[in-house]
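S.K.: Just need the whole structure built from these sequences, with the hints factored in.
Sequences listed follow chains A and B, in order.
Heads up: the first sequence runs through residues 114 to 226, numbered per my numbering.
Heads up: the second sequence runs through residues -19 to 96, numbered per my numbering.
Please note that a few of the clues may not be correct.
Label-pair restraints from in silico Cβ distances [claimed, not checked]: (1) T0(B) with Q155(A): 19 to 27 Å; (2) Q155(A) with Q34(B): 24 to 32 Å; (3) M205(A) with E32(B): 22 to 30 Å; (4) Q158(A) with E8(B): 18 to 26 Å.
The hints are simulated quantities; they were obtained by calculation from the structure and are not laboratory data.
Note that the coordinates shown come from a computational prediction; the quantities given were computed from them, not determined experimentally.
Just so it is clear, CB atoms sit at the ideal spot from N, CA and C, and this is done for glycine as well.
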Amino acid sequence: DAKTTQPPSMDCAEGRAANLPCNHSTISGNEYVYWYRQIHSQGPQYIIHGLKNNETNEMASLIITEDRKSSTLILPHATLRDTAVYYCIVRMYGSGNTGKLIFGQGTTLQVKP
Amino acid sequence: DTGVSQDPRHKITKRGQNVTFRCDPISEHNRLYWYRQTLGQGPEFLTYFQNEAQLEKSRLLSDRFSAERPKGSFSTLEIQRTEQGDSAMYLCASSPRRVSGSNEQFFGPGTRLTVL
Chain A
114 DAKTTQPPSM
124 DCAEGRAANL
134 PCNHSTISGN
144 EYVYWYRQIH
154 SQGPQYIIHG
164 LKNNETNEMA
174 SLIITEDRKS
184 STLILPHATL
194 RDTAVYYCIV
204 RMYGSGNTGK
214 LIFGQGTTLQ
224 VKP
Chain B
-19 DTGVSQDPRH
-9 KITKRGQNVT
1 FRCDPISEHN
11 RLYWYRQTLG
21 QGPEFLTYFQ
31 NEAQLEKSRL
41 LSDRFSAERP
51 KGSFSTLEIQ
61 RTEQGDSAMY
71 LCASSPRRVS
81 GSNEQFFGPG
91 TRLTVL
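M.R.: Written out as C-alpha cells, the structure is:
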C-alpha cells in the first residue's frame, strides 16, 4: 500500500502557483519523497525528489516539513499543460533495495484558464 | 528519440490468447521495471530487472505472466491465456545506476491491452 495521502483533486488558475500537499506521517529516516506526474495517456514523468531539505529545479519546488511528515509540491506558474495527476511517493534508498515505486491515487490537478 | 519505447502501443486480443509486449529502455540503463495501470488507479509494480537478472516479482505477477530481459537490454512481458481482468496499460520504466540515492525512473508511453 502507498504510504502517502493526497487530496483526490485540486483546481488552479493559469499563471498562479499550484500547491499540492502530501502527508507521509510514517516516513522513515532512509526514505526519500518523490513526485511524479502523469499527463493523460502518457507514462509518468519524474518531477523532483528530496530527503529533508527543500529542493528546487526547473519544473517545481519541494518543501518538506522539519519533521518530514508532510511535503508540498509547488508549481510556481501553472500552465494548462500542467493539468495532470500528481503522485507523491516515498521510497527507500540504500543498497539492496530495488527502487520500485509504490503509487497511490494521486491528486488530479486541473489548471483552468 | 532516446527515451523508453514500448511496442505495440495498443493491443486488442481475445480471451485465452497469448500476448507479448516489448520494452526498449534508455541505453545503458541497467534497471528496468514493469508496472500495470488500470483505469483511475495509479501504476502498480509488477517486476524489476537489474541487467538481465529478475530480482523482484510482485504478487500481482501470476503464473500466466512471464518477463525476460535476456541480454540486459530490451525486455519482454508475456501474458498467457489472457483474461478480461488483464485489460490495462502496461508501463515500462528504466533507471540508471544509482548515484547518491537518486533513482529517477523514465517511463515509456505504455502498451494498452484490451481483452475481449
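S.K.: Could you work out which of the previously given hints the structure breaks and list their numbers from low to high?
M.R.: none
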